[in-house]
Every structure is written in C-alpha cells, then in structure tokens.
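Anchor point for the sequence shown: position 1 equals 1 in the working numbering, and the numbering is continuous, going up by one each time.
If you're looking for bench data, these hints aren't it; they were derived computationally from the structure.
A hint or two may mislead.
[Unchecked claim] Label pairs and their computed distance ranges (CB to CB):
{"no.": "1", "residue 1": "Ile57", "residue 2": "Ile33", "range": "35 to 41 Å"}
{"no.": "2", "residue 1": "Leu36", "residue 2": "Ile57", "range": "28 to 34 Å"}
{"no.": "3", "residue 1": "Cys50", "residue 2": "Arg30", "range": "27 to 33 Å"}
{"no.": "4", "residue 1": "Gln64", "residue 2": "Arg30", "range": "47 to 53 Å"}
{"no.": "5", "residue 1": "Pro26", "residue 2": "Thr55", "range": "41 to 47 Å"}
{"no.": "6", "residue 1": "Leu60", "residue 2": "Thr32", "range": "38 to 44 Å"}
{"no.": "7", "residue 1": "Glu58", "residue 2": "Asp29", "range": "42 to 48 Å"}
{"no.": "8", "residue 1": "Glu58", "residue 2": "Pro26", "range": "42 to 48 Å"}
{"no.": "9", "residue 1": "Gln64", "residue 2": "Thr32", "range": "46 to 52 Å"}
{"no.": "10", "residue 1": "Arg30", "residue 2": "Lys59", "range": "29 to 35 Å"}
{"no.": "11", "residue 1": "Pro26", "residue 2": "Trp49", "range": "33 to 39 Å"}
Ideal Cβ positions, reconstructed from N, Cα and C, are used throughout, including at glycine.
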Amino acid sequence: MDIIRSSTSNNICVVDERYVEVDPAPEVDRTTIVSLVASMVVSLVAHEWCRGLETEIEKLRSMQV
C-alpha cells in the first residue's frame, strides 16, 4: 500500500488496488486548543506539585528516624 499526496489537492491519498481520497482534517477552533493546552498545564503542575510533596514527606520521614 502506497501513501501519496494528491496533485489536485493537498489531501493524503491511499493507493491499494483502488484510489481512496481522504477527507481533510476538520477545523479545530482556538477555544478547543486553549482548553487542551490548559488542561495539560494543570495536569503537569499538579503532577510536579505531588512529586515535590512526596519529596518533602520523604525528608520528614528520614528526619524522624
């Protein structure tokens, strides 16, 4: 199976004994992109905060011994 670019449009086409033209990707609005990026940032900050908290807990545990 070969993947080529159509000469008439910029769509990706698949050639496998038949010719199938793939629809172009749907438009993604700015709100969706901002929402996805914001959720990734919140997730990353929460993850880093939890790692820092775990480190502090380990320090306190080592001080008690």
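For each hint, the structure was consulted:
1. Between Ile57 and Ile33 the C-beta distance comes to about 36 Å, which sits within the given range of 35 to 41 Å.
2. For Leu36 and Ile57, the Cβ-Cβ distance of about 32 Å falls inside the hinted range of 28 to 34 Å, so the restraint holds.
3. Distance hint for Cys50 and Arg30: a CB-CB separation of about 30 Å, consistent with the stated range 27 to 33 Å.
4. The hinted window of 47 to 53 Å between Gln64 and Arg30 holds, with their beta carbons roughly 51 Å apart.
5. The hint said 41 to 47 Å for the Cβ distance between Pro26 and Thr55, and at roughly 43 Å that hint holds.
6. Judged by the Cβ atoms, the range 38 to 44 Å given for Leu60 and Thr32 holds: they are separated by roughly 42 Å.
7. About 44 Å separates the C-beta atoms of Glu58 and Asp29, a value consistent with the hinted range of 42 to 48 Å.
8. The hint said 42 to 48 Å for the Cβ distance between Glu58 and Pro26, and at roughly 47 Å that hint holds.
9. A hinted range of 46 to 52 Å for the beta carbons of Gln64 and Thr32 is consistent with their spacing of about 48 Å.
10. The supplied range of 29 to 35 Å is broken by Arg30 and Lys59, whose beta-carbon atoms lie about 43 Å from each other.
11. Between Pro26 and Trp49 the beta carbon distance is about 35 Å. The supplied range of 33 to 39 Å therefore holds.
Going through the hint list in order, the structure does not satisfy hint 10, though it satisfies all others.
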